[in-house]
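Student: Protein sequence lines correspond, in order, to chains A and B.
1 is the number of the first residue of the first sequence in my numbering; add one for each residue after it.
248 is the number of the first residue of the second sequence in my numbering; add one for each residue after it.
The reader is advised that the hints may include incorrect statements.
As the list claims (entries may be wrong) - Cβ-to-Cβ under 8 Å is the rule here; a few derived chain A residues that face chain B:
(1) Ile53
(2) Arg82
(3) Lys139
(4) Thr164
(5) Tyr224
Claimed, not checked - In silico DSS-like pairs for lysine-lysine, Cα to Cα no more than 30 Å straight-line:
(6) B/Lys428 - A/Lys68
(7) A/Lys3 - B/Lys455
(8) A/Lys148 - B/Lys444
(9) A/Lys181 - B/Lys428
(10) A/Lys13 - A/Lys3
(11) B/Lys260 - B/Lys455
(12) A/Lys242 - B/Lys428
(13) B/Lys260 - B/Lys299
(14) B/Lys315 - A/Lys148
(15) A/Lys241 - B/Lys488
(16) A/Lys197 - B/Lys264
(17) B/Lys444 - B/Lys264
(18) A/Lys241 - B/Lys268
(19) A/Lys181 - B/Lys315
(20) A/Lys3 - A/Lys52
(21) A/Lys17 - B/Lys386
(22) B/Lys250 - A/Lys242
Don't read these hints as lab results, they were simulated from the structure.
Glycine included, every Cβ here is placed at the ideal spot set by N, Cα and C.
Protein chains: 2
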Amino acid sequence: MLKEISEHRSIRKYTDKPIPKEVMDNVLNAAIRASNTGNMQVYSIIVTTYEKIKEELAPTHFNQPMVKNAPAILTFCADFNRFNKWCRQRVAEPGYDNFLSFLTGAIDAIIAAQNACIEAEHHGLGICYLGTAIYNADKIIDILNLPKGVVPITAVTMGYPAETPELTDRLPVEAVVHYEKYNDFTAEDIDEIYAEKENREDSKQFVKENDKETLAQVFTDVRYYKANNEHFSSVLLEVLKKQGFFE
Amino acid sequence: MLKEISEHRSIRKYTDKPIPKEVMDNVLNAAIRASNTGNMQVYSIIVTTYEKIKEELAPTHFNQPMVKNAPAILTFCADFNRFNKWCRQRVAEPGYDNFLSFLTGAIDAIIAAQNACIEAEHHGLGICYLGTAIYNADKIIDILNLPKGVVPITAVTMGYPAETPELTDRLPVEAVVHYEKYNDFTAEDIDEIYAEKENREDSKQFVKENDKETLAQVFTDVRYYKANNEHFSSVLLEVLKKQGFFE
């Protein structure tokens with residue numbers, strides 16, 4: 001397996017060493033080589049390195065310390081602004097103010113993001129995805145001046161690693177991969193698939209610390225709970241409307 | 248730059264050589280190593296190799312010939328079915344029947360897909376993304392027996408290349424990358440950014456063949472036109488409701 005893939009771990013602590021321009025150029029060019037829809041490249045990348053802007057972004061990522069600590073934050077956005085402008089300048093009427101177009105841009109943005117991450121790791125950099133970009137998309141739009149047609153989909157912190165965490169566990173392949181068609185799970189399958197994860201010492205510790213009965217409850221009651229998911233779903237749908245993807 | 252990234256081109260013609268099991272296992276394990284949200288792994292991969300199922304899938308991808316021609320089609324799905332089942336078996340009430348959770352699963356699915364593609368190319372395989380998966384998600388759900396909680400996000404054809412197409416063009420980096428904040432485009436910027444693409448011989452040919460005045464019109468009037476985008480947006484939103492992400 002490509003070592004950039006097999007040895008990937010999220011890096012949340014970085015050294016002070018800045019990212020050399022030629023390395024960042026490689027990372028950005030790798031992003032741009034990515035597969036995308038109809039070669040429209042309906043995404044954009046905002047590279048933030050200024051302390052002041054990183055400080056503004058930090059609360060939108062729930063103040064995870066690596067946001068201020070990392071030399072660079074790359075925000076990957078679905079972007080029809082550029083494409084729509086081009087169309088209008090060329091007597092062509094764009095029809096991309098809809099949900100399908102939003103998801104198309106989001107997919108393009110993520111494929112580009114993963115290319116950037118793998119290329120970064122190829123140069124010895126560490127990265128961490130910030131899933132929080134879609135929680136506070138409204139605030140990120142304000143901070144980064146994203147115009148109509150642009151929605152942040154994910155962000156990535158990037159810098160030289162100041163830690164080497166263990167590889168994180170994964171469910172067995174059979175949990176994720178289905179051959180030919182989807183083979184739905186029996187209760188026994190579920191027990192088997194999650195057994196290793198549930199029996200890990202760190203999982204047990206996690207359950208205890210959170211004063212819960214099961215590991216699943218840590219997810220449903222503490223980390224990713226319904227009221228929060230519903231609140232941020234509403235915010236996100238409002239963002240899509242405001243940015244012109246529900247017209 | 249990693250050669251798997253710099254030399255990537257979409258491959259639409261494949262030899263008959265099947266993908267050895269150990270190679271496919273590497274590809275699938277690479278997918279599973281990908282970053283994902285909270286290590287919930289809320290995605291799944293359906294690997295289809297049977298002729299009969301590929302034939303059923305072909306029309307959902309608008310009969311692009313590589314769907315039947317490729318030894319394997321990998322369909323990457325947002326998937327909360329497994330996670331929800333686990334929660335319910337562990338006295339935990341899942342709160343993932345909302346739009347934020349859908350997009351979370353979609354992002355996880357795409358990061359995994361791009362890992363799979365890069366690993367496949369590392370083994371000499373060729374790949375092509377099928378953006379059509381989100382157009383006909385309803386039909387793919389029926390064919391692949393996807394239960395509630397599962398939505399196809401993209402599909403990838405995979406096999407040994409029987410062609411070596413030219414690298415496709417890309418907009419200049421300045422079109423896609425913004426430093427610090429978004430720097431919106433002036434009319435002159437747009438002209439400059441699109442000049443090379445518009446002046447390519449293949450672009451001019453494309454405009455002529457489609458009997459259009461500008462390259463942009465080929466996109467807005469022929470390839471990705473408004474009525475079609477709106478139709479498939481409605482279908483896709485219905486799918487999200489049916490699969491339980493708007494409750």
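Student: Does each hint fit the structure? Answer for all of them.
Tutor: Right, here's what the structure says about each hint:
Taken as an interface hint, A/Ile53 checks out: its beta carbon lies about 6 Å from the nearest beta carbon of chain B, inside 8 Å. Hint status for A/Arg82: holds, given a least beta-carbon distance of 6 Å to chain B, under 8 Å. Given hint, A/Lys139 at the interface with chain B, is violated; its Cβ is 14 Å from that chain's nearest Cβ, farther than 8 Å. Proximity of A/Thr164 to chain B is violated relative to the hint, the smallest CB-CB distance being about 16 Å (cut-off 8 Å).
Hint status for A/Tyr224: holds, given a least beta-carbon distance of 6 Å to chain B, under 8 Å. A distance of roughly 16 Å separates the Cα atoms of B/Lys428 and A/Lys68; the hinted pair therefore holds under the 30 Å criterion. Note on A/Lys3 and B/Lys455: the hinted pairing is violated, with a Cα-Cα distance of about 46 Å set against a maximum of 30 Å. Taken as a hint, the A/Lys148 and B/Lys444 pair is honoured in the structure, with Cα atoms around 24 Å apart against an allowance of 30 Å.
Taking the CA atoms of A/Lys181 and B/Lys428, the gap is about 44 Å. The hint is violated against a cut of 30 Å. Annotation: proposed proximity of A/Lys13 to A/Lys3 holds, straight-line Cα distance about 21 Å (limit 30 Å). Between the alpha carbons of B/Lys260 and B/Lys455 the distance comes to roughly 26 Å, so the proposed pair stays at or under 30 Å and holds. A threshold of 30 Å between alpha carbons decides the hint, and for A/Lys242 with B/Lys428 the separation of about 19 Å falls inside it, so the pair holds.
At most 30 Å may separate the alpha-carbon atoms for a hinted pair to count; B/Lys260 and B/Lys299 meet this at roughly 19 Å. For a cut-off of 30 Å, the pair hint linking B/Lys315 to A/Lys148 is broken: about 40 Å separates their Cα positions. Distance restraint check for A/Lys241 and B/Lys488: the Cα-Cα separation of roughly 18 Å lies within the 30 Å cut-off, and the hinted pair is therefore satisfied. For the hint linking A/Lys197 to B/Lys264, the alpha-carbon distance of about 37 Å lies beyond 30 Å, and the restraint is violated.
At most 30 Å may separate the alpha-carbon atoms for a hinted pair to count; B/Lys444 and B/Lys264 exceed this at roughly 36 Å. For the hint pairing A/Lys241 with B/Lys268, the CA-to-CA distance comes to about 46 Å; that exceeds 30 Å, so the pair is violated. This hinted pair checks out: A/Lys181 and B/Lys315 have alpha carbons roughly 16 Å apart, not beyond 30 Å. The hinted pair formed by A/Lys3 and A/Lys52 fails the criterion: a straight-line CA distance of about 35 Å is larger than 30 Å.
Proximity of A/Lys17 to B/Lys386 is assessed by CA-CA distance (about 51 Å); at most 30 Å being required, the pair is judged violated. For the hint pairing B/Lys250 with A/Lys242, the CA-to-CA distance comes to about 40 Å; that exceeds 30 Å, so the pair is violated.
In this structure, the earlier hints numbered 3, 4, 7, 9, 14, 16, 17, 18, 20, 21, 22 are contradicted, and the remaining ones agree with it.
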